[in-house]
Amino acid sequence: MIEVDHVSHSYGERVVLRDVDVRLPERRVGVIGANGSGKSTFVRLLNGLVLPTEGRVRVNGLDTRRDGRAVRRQVGFCFTNPDAQIVMPTVREDVAFGLRRRRMTGTERDALVRGVLARFELADHADHPAHLLSGGQKQLLALAAVLVTDPSVLVLDEPTTLLDLRNARKVAGYLDGLDQQVVLVTHHLELLEGFDRVLVFDEARLVHDSTPDDAVAFYRKLMA
Amino acid sequence: MTTLGLYLPGSSLVHRAPAGVKLAVLVAVGAVSFLLDTPWQVGTAVGLVVLGYVVAGLSPLSLLRQARPLLWLLLAVGAFHVLVDGWARALVVTGVILLLVLLAGLVTLTTRTTELVETLVRVLGPLRRIGVDAERVGLLLALSIRSVPVVVGIAEEVRDAQRARGLQGSPRAYAVPLVIRSLRHADALGEALAARGVDD
Numbered sequence: 001m002i003e004v005d006h007v008s009h010s011y012g013e014r015v016v017l018r019d020v021d022v023r024l025p026e027r028r029v030g031v032i033g034a035n036g037s038g039k040s041t042f043v044r045l046l047n048g049l050v051l052p053t054e055g056r057v058r059v060n061g062l063d064t065r066r067d068g069r070a071v072r073r074q075v076g077f078c079f080t081n082p083d084a085q086i087v088m089p090t091v092r093e094d095v096a097f098g099l100r101r102r103r104m105t106g107t108e109r110d111a112l113v114r115g116v117l118a119r120f121e122l123a124d125h126a127d128h129p130a131h132l133l134s135g136g137q138k139q140l141l142a143l144a145a146v147l148v149t150d151p152s153v154l155v156l157d158e159p160t161t162l163l164d165l166r167n168a169r170k171v172a173g174y175l176d177g178l179d180q181q182v183v184l185v186t187h188h189l190e191l192l193e194g195f196d197r198v199l200v201f202d203e204a205r206l207v208h209d210s211t212p213d214d215a216v217a218f219y220r221k222l223m224a
Numbered sequence: 001m002t003t004l005g006l007y008l009p010g011s012s013l014v015h016r017a018p019a020g021v022k023l024a025v026l027v028a029v030g031a032v033s034f035l036l037d038t039p040w041q042v043g044t045a046v047g048l049v050v051l052g053y054v055v056a057g058l059s060p061l062s063l064l065r066q067a068r069p070l071l072w073l074l075l076a077v078g079a080f081h082v083l084v085d086g087w088a089r090a091l092v093v094t095g096v097i098l099l100l101v102l103l104a105g106l107v108t109l110t111t112r113t114t115e116l117v118e119t120l121v122r123v124l125g126p127l128r129r130i131g132v133d134a135e136r137v138g139l140l141l142a143l144s145i146r147s148v149p150v151v152v153g154i155a156e157e158v159r160d161a162q163r164a165r166g167l168q169g170s171p172r173a174y175a176v177p178l179v180i181r182s183l184r185h186a187d188a189l190g191e192a193l194a195a196r197g198v199d200d
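Protein chains in written order, with the working numbering: chain A, 1 to 224; chain B, 1 to 200.
There may be inaccurate statements among the hints.
Said to hold, decoys possible - Which residues of chain A face chain B? A few of them, derived with a C-beta cut under 10 Å, are:
id: 1; residue: Arg72
id: 2; residue: Val75
id: 3; residue: Phe77
id: 4; residue: Asp94
id: 5; residue: Arg100
id: 6; residue: Arg103
id: 7; residue: Met104
id: 8; residue: Ala126
id: 9; residue: Pro129
id: 10; residue: Val146
What the hints assert, rightly or not - Computed list of chain A residues with no C-beta within reach of chain B, every gap over 10 Å:
id: 11; residue: Arg27
id: 12; residue: Ala111
id: 13; residue: Arg119
id: 14; residue: Leu189
id: 15; residue: Gly194
Source of the hints: derived by calculation from the structure; they are not laboratory data. Predicted, not measured: the structure shown is a model, and the values here were computed from it. We put the beta carbon where it would ideally sit given N, CA and C, even for glycine.
Working from the sequences, and respecting the hints, build out all of it.
Right, dumping it as structure tokens:
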């Protein structure tokens, strides 16, 4: 359960999020809004990348300010540009990077990495340089690298923005099959089909909170 | 995109050799390279490294990719030494540079970055007592290797954009976006590392 208690956030004088108060127990939560509406700041609050200027964020009872390390173990984060997220030179090494501080044997770690690579159809590319993958494969690698650590919540900030429709649908297909709670920021509104709840942000405020159909209709009207 | 200095999978003797041994050879050759003072000695050493590429099953193209970025440097250094010390010295100096770069390339092409990092962390381990964060140094090495293709990719995109706007003669139009985009990438990478718990 994600609890955001009356949270505001400012960068100096500029307020980017204003008094957001919401509980998110649902498995699939979408976040939409115009550029600069505060949605990316909102999701960065969820794993402590950004700490609230006012208010409090808790994930499964853990405070992002007080228990940052434990929160980051529970909340995986996927960014828009996978190139900025891939840390190691080869596919296998990047997936293994997330496990470097876990107490497990090399054999256990290799098995976990192999399993995740197979699940994301990257097994044939295990020893390839990560930067030579296609855009879609890079985003799948970023996803695999986060999921290998088995977080209970997965936050994705516009993971399909740089992808073509086929790859965007592929990523969405993988998200569908996950056991984790998913919080997805997106401009691809069709990806929100089947979601439990969608939040709409505008000018640093949470302005609408509803079912996907209703929220998307509200957003379209807002942008008209 | 460059493949400079990136691991190429294989099962050769060179690939299977422990990362620590390969790094030790690299350091040792670097340390004694100043003892090479005839073109014959340098030529033999370069030949041995080329033999290492052959044993590792690496293509001649892989070898050329390591040497190509050095071309202008070798020409400049070689020309300087021809004028000051003569041909023999020019061959020795440029040969030693080529030798070390090819050997470093052979090590990175045949060793996974994680193995290099683990070795470095192990070697630096005792320095923890004087405040050296060995894991941080290892991560720095991994990020440096990873950043080479990223920065080359950014440079290629900037050059294309420059050509598209007819600004290919302007060093400023090349350098400014290259630096800004590289810094932005560093910033985003820092955020991604924080998200993956590197600071925890």
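Status of each hint after checking the structure:
Because the smallest distance between the Cβ of Arg72 of chain A and any Cβ of chain B comes to about 4 Å, under 10 Å, the interface hint for this residue holds. Contact between Val75 of chain A and chain B, as hinted, is supported at the beta carbon level, the nearest pair being about 9 Å apart and thus within 10 Å. Proximity of Phe77 of chain A to chain B holds as hinted, the smallest CB-CB distance being about 4 Å (cut-off 10 Å). For Asp94 of chain A, the suggested interface contact is upheld, since its CB lies about 9 Å from the closest CB of chain B, less than 10 Å.
The beta carbon of Arg100 of chain A is positioned within 10 Å of a beta carbon in chain B (closest approach about 8 Å), and the interface hint is therefore held. For the restraint placing Arg103 of chain A at the interface with chain B, the shortest Cβ-Cβ distance is roughly 15 Å, beyond the 10 Å limit, so the hint is violated. Evaluation of the Met104 of chain A hint against chain B yields a violated restraint, the C-beta minimum of about 15 Å exceeding 10 Å. For the restraint placing Ala126 of chain A at the interface with chain B, the shortest Cβ-Cβ distance is roughly 8 Å, inside the 10 Å limit, so the hint holds.
The restraint placing Pro129 of chain A at the interface with chain B holds, with a minimum CB-CB distance near 5 Å, inside the 10 Å limit. Checking Val146 of chain A against chain B by beta carbon gives a least distance of about 8 Å; that is within 10 Å, so the hint holds. Interface exclusion of Arg27 of chain A from chain B stands, the closest Cβ pair being 21 Å apart, more than 10 Å. Its beta-carbon lying about 16 Å from the closest one in chain B, Ala111 of chain A satisfies the requirement of being farther than 10 Å from that chain.
The Cβ of Arg119 of chain A sits about 19 Å from the closest Cβ of chain B, beyond the 10 Å cut-off, so the non-interface label holds. Interface exclusion of Leu189 of chain A from chain B stands, the closest Cβ pair being 25 Å apart, more than 10 Å. Every Cβ of chain B is farther than 10 Å from the Cβ of Gly194 of chain A; the closest lies at roughly 26 Å, confirming the non-interface assignment.
Comparing the model with each numbered hint stated earlier shows that hints 6 and 7 do not hold.
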